[in-house]
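Colleague: Residues per chain are reported as follows:
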Amino acid sequence: MKISYYPGCTLKSKARNFEDSALASLAALGFEVTELERWNCCGALFSLTTDDLLHQLAPVRVLIRAQQAGAGKVTTLCSQCYNTLARANRLMREDEEKRNTLNQFMTEEPDYHGQVEVVHFLQLLRDEIGWERIRAALKRPLTGLKVAPFYGCMLLRPKEVGIDSPVKPSILMDFIAALGATPTDFAAAEECCGAYQVLAAPEAGLKRTRRVVEAARASGVDALVLSCPLCEYNIGKQQQELAAPGGALPVFYFSQLLAVALGAAEESCRFDLNAAGARELLEERGLIAAAARK
Amino acid sequence: MTTVKTGIAAELIPIYIMGKRYLVPEALTIMKAIEYAGYQFIRGCGCRGGVCGACSTVFRREGDYKIYSGLACQTVVEPNMHLAQIPFYPALRRPYDYAAAVADGAIVAQLYPEVFRCVACNACTKICPMDVQVMDYIGALKRGDLALAASISFDCIQCGLCASRCMAEIPQYHVAQLARRLYGGKLAPRAEHLAAMVGRISSGAYRALLGELKTMSAKQLREVYTGRQMEPAMTDESWRPDENVGL
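As they're listed, the protein sequences go chains Z and L. Numbering-wise (the numbering used here), the first sequence opens with residue 1 and increments by one. Numbering-wise (the numbering used here), the second sequence opens with residue 1 and increments by one.
Do not take every clue at face value.
Said to hold, decoys possible - Result set (DSSO-like, lysine-lysine): computed pairs, CA atoms no more than 27 Å apart in a straight line:
#1 Z:LYS14 - L:LYS186
#2 Z:LYS12 - Z:LYS2
#3 Z:LYS98 - L:LYS66
#4 Z:LYS168 - Z:LYS207
#5 L:LYS32 - L:LYS126
#6 L:LYS126 - L:LYS66
#7 Z:LYS12 - L:LYS186
#8 Z:LYS98 - L:LYS186
What the hints assert, rightly or not - Just some of the chain Z residues that point at chain L, by a computed CB distance under 10 Å:
#9 LYS2
#10 PRO7
#11 SER13
#12 ARG38
#13 LEU57
#14 VAL60
#15 PHE105
#16 THR107
#17 PHE186
Said to hold, decoys possible - Each pair of labels, with its calculated beta carbon distance range:
#18 Z:THR101 - L:MET18: 49 to 59 Å
#19 L:PRO113 - Z:THR101: 25 to 35 Å
#20 L:ALA191 - Z:ARG157: 49 to 59 Å
#21 L:GLN158 - Z:VAL167: 30 to 40 Å
#22 L:GLU169 - Z:ASP51: 18 to 28 Å
#23 Z:ILE288 - L:PHE116: 30 to 40 Å
#24 Z:ALA276 - L:ASP97: 30 to 40 Å
#25 Z:ALA187 - L:ASP155: 48 to 58 Å
Since the hints were made in silico from the structure, they are not lab data. Just so you know, even glycine gets a beta-carbon here, dropped at the ideal spot from N, CA and C.
Starting from the given sequences, assemble the full structure and let the hints guide the process.
Modeller: Shown next as structure tokens:
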């Protein structure tokens with residue numbers, strides 16, 4: 001199976017640990033991934049202002065690029081890219097007037113009517129590859145590791161584009177179980193990470209960080225997995241601002257644990273880009289070789 | 001369309017320079033036509049060969065709302081075209097310390113944060129007289145890919161029309177130049193054969209040969225020059241001269 005892939009900007013810069021580990025995992029599972037030859041920023045956020053069509057240009061252009069590449073489906077990894085592209089795609093499918101306006105503005109592009117399907121990587125794992133196949137391919141099951149999902153907002157809301165139930169999702173729990181780890185739910189799994197409050201109101205943002213980390217600790221989890229570079233920043237990197245007792249709670253991109261469990265080359269996981277505690281936890285549990293200390 | 005027969009072979013056609021109608025010989029370039037109409041270029045005119053980017057023109061065709069662009073020295077006048085020269089665009093070019101600069105995406109974000117205001121409207125690409133995919137290299141810079149931005153923007157002539165159309169007020173051409181300079185000086189693989197050649201020259205390996213040339217008469221030099229073995233018109237990269245004493 002060939003997979004047409006849209007990376008997004010952050011995965012090419014600050015979140016290489018997300019992309020590299022996901023691509024290494026797909027290679028380990030025997031899938032061929034083709035990155036779109038031409039692509040631009042997805043727009044980063046779906047504009048909620050109904051007449052703000054200008055901000056739909058970026059995601060729609062990405063979808064046109066996918067269509068030009070002959071892709072029936074385009075897969076994304078970043079929750080935010082997924083959300084923005086999927087919602088712009090819905091708009092192009094369902095709102096004839098806005099579709100016409102956008103197509104007429106982009107006279108240099110072929111018309112687009114929402115023909116491409118936008119798929120998140122987790123949907124690909126669940127619906128096309130299947131948990132059983134992943135389980136069968138495990139080289140290093142994550143036995144004994146208590147992992148909690150952190151969905152954040154963009155994977156689940158609004159429900160029209162959510163990859164699972166917005167109130168009782170199971171996709172990441174099933175994923176964690178498929179890796180041989182112990183899936184552990186916790187109270188804040190579907191809450192907001194604080195999003196861009198980190199810039200506008202850092203204290204309010206840190207409240208979210210604290211809430212999520214404390215709720216996870218209360219459930220006795222070893223680590224969180226997530227699918228969004230902004231969540232990773234707010235819940236992972238921002239922990240250094242909290243000075244929480246008991247040290248840092250390790251946060252991983254889900255694809256990093258997938259790559260470890262599938263026995264992919266460790267370089268692909270780029271743990272150096274994770275916040276403190278991530279690499280150390282896996283070393284401690286004997287899941288990766290201890291790195292040479294400087 | 002008004003055409004007027006003249007003594008010269010060309011017919012006169014009407015064009016509108018900054019809104020005023022002039023009759024100019026067809027088949028002139030815009031630059032020649034403007035001069036024919038009586039204007040004199042003090043600035044906004046450089047190489048007259050389509051390379052330097054000094055003579056950007058924006059124009060419209062009769063009855064068409066679209067704005068087109070071209071270099072005045074390269075674009076031929078059309079009947080009833082409405083045009084104006086854009087000799088300069090006051091986009092900000094931020095100074096930086098090249099020697100200390102680290103060649104990655106962070107420097108773009110630091111020097112030109114406005115790059116992240118791009119909404120992918122593509123007006124920059126549509127106006128580019130060199131058909132550079134401007135929006136695509138801005139996209140590459142947003143994800144920190146200097147090599148890709150350098151490659152896409154390679155044909156840029158720094159005319160500034162992209163910036164003139166940008167609703168995000170991005171000085172695309174200056175950012176692209178930054179990318180090319182960082183890529184060229186700090187990321188692109190070094191040309192090892194060049195360094196080796198410079199080494200051979202400075203070691204004096206060619207001193208005797210050059211000395212020999214210096215003693216030759218003009219006639220002898222001409223003979224050596226015209227008698228040298230030439231590369232055939234149709235050949236591939238594997239071709240080598242029989243003798244290569246100079247290299």
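Colleague: Each hint should be assessed against the structure and marked as holding or not.
Modeller: Hint-by-hint comparison with the structure:
Of the pairs offered as hints, the one joining Z:LYS14 and L:LYS186 holds, with about 21 Å between alpha carbons and a cut-off of 27 Å not exceeded. Distance check on the hinted pair: Z:LYS12 and Z:LYS2 sit about 21 Å apart at the alpha-carbon level, within 27 Å; holds. Between Z:LYS98 and L:LYS66 the CA atoms are separated by roughly 22 Å; this keeps the pair inside 27 Å, and the hint holds. About 24 Å separates the Cα atoms of Z:LYS168 and Z:LYS207, which keeps this hinted pair within 27 Å; it holds.
This hinted pair checks out: L:LYS32 and L:LYS126 have alpha carbons roughly 25 Å apart, not beyond 27 Å. Simply put, L:LYS126 and L:LYS66 have alpha-carbon atoms about 10 Å apart, close enough for the 27 Å limit, and the pair holds. Between Z:LYS12 and L:LYS186 the alpha-carbon distance is near 19 Å, which keeps this suggested pair within the 27 Å criterion. Distance hint between Z:LYS98 and L:LYS186 is unfulfilled; the C-alpha atoms sit about 45 Å from each other, more than 27 Å.
Annotation: Z:LYS2 was flagged as interfacial toward chain L, and the flag is violated, the nearest CB pair being 23 Å apart, outside 10 Å. Given hint, Z:PRO7 at the interface with chain L, holds; its Cβ is 8 Å from that chain's nearest Cβ, closer than 10 Å. The interface hint given for Z:SER13 is met, as the beta carbon of that residue sits about 4 Å from the closest beta carbon of chain L, less than 10 Å. This hint holds: Z:ARG38 has a C-beta 6 Å from the nearest C-beta of chain L, less than the 10 Å allowed.
At its closest, the beta carbon of Z:LEU57 sits 5 Å from a beta carbon of chain L; the interface hint therefore holds under the 10 Å criterion. Taken as an interface hint, Z:VAL60 checks out: its beta carbon lies about 9 Å from the nearest beta carbon of chain L, inside 10 Å. Given the 10 Å rule on beta carbons, the hint for Z:PHE105 holds: about 8 Å separates it from the nearest Cβ of chain L. Restraint check, Z:THR107 versus chain L: the minimum CB separation of about 9 Å is within 10 Å; hint holds.
Nearest Cβ of chain L to the Cβ of Z:PHE186: about 33 Å, over the 10 Å cut. The hint is violated. Take Z:THR101 and L:MET18: their Cβ atoms lie about 33 Å apart, and the range 49 to 59 Å is violated. Checking the proposed 25 to 35 Å range against L:PRO113 and Z:THR101 shows it holds: the Cβ atoms sit about 30 Å from each other. A C-beta distance of roughly 53 Å is found between L:ALA191 and Z:ARG157, which places it inside the suggested range of 49 to 59 Å.
In this structure, L:GLN158 and Z:VAL167 break the distance hint of 30 to 40 Å, their C-beta atoms being roughly 55 Å apart. A C-beta distance of roughly 22 Å is found between L:GLU169 and Z:ASP51, which places it inside the suggested range of 18 to 28 Å. With their beta carbons about 35 Å apart, Z:ILE288 and L:PHE116 fall inside the hinted range of 30 to 40 Å. The supplied range of 30 to 40 Å is met by Z:ALA276 and L:ASP97, whose beta-carbon atoms lie about 32 Å from each other.
Against the hinted window of 48 to 58 Å, the Cβ-Cβ separation of Z:ALA187 and L:ASP155 comes to about 56 Å, which satisfies the hint.
Hints 8, 9, 17, 18, 21 from the list above are not met by this structure, while the remaining hints are.
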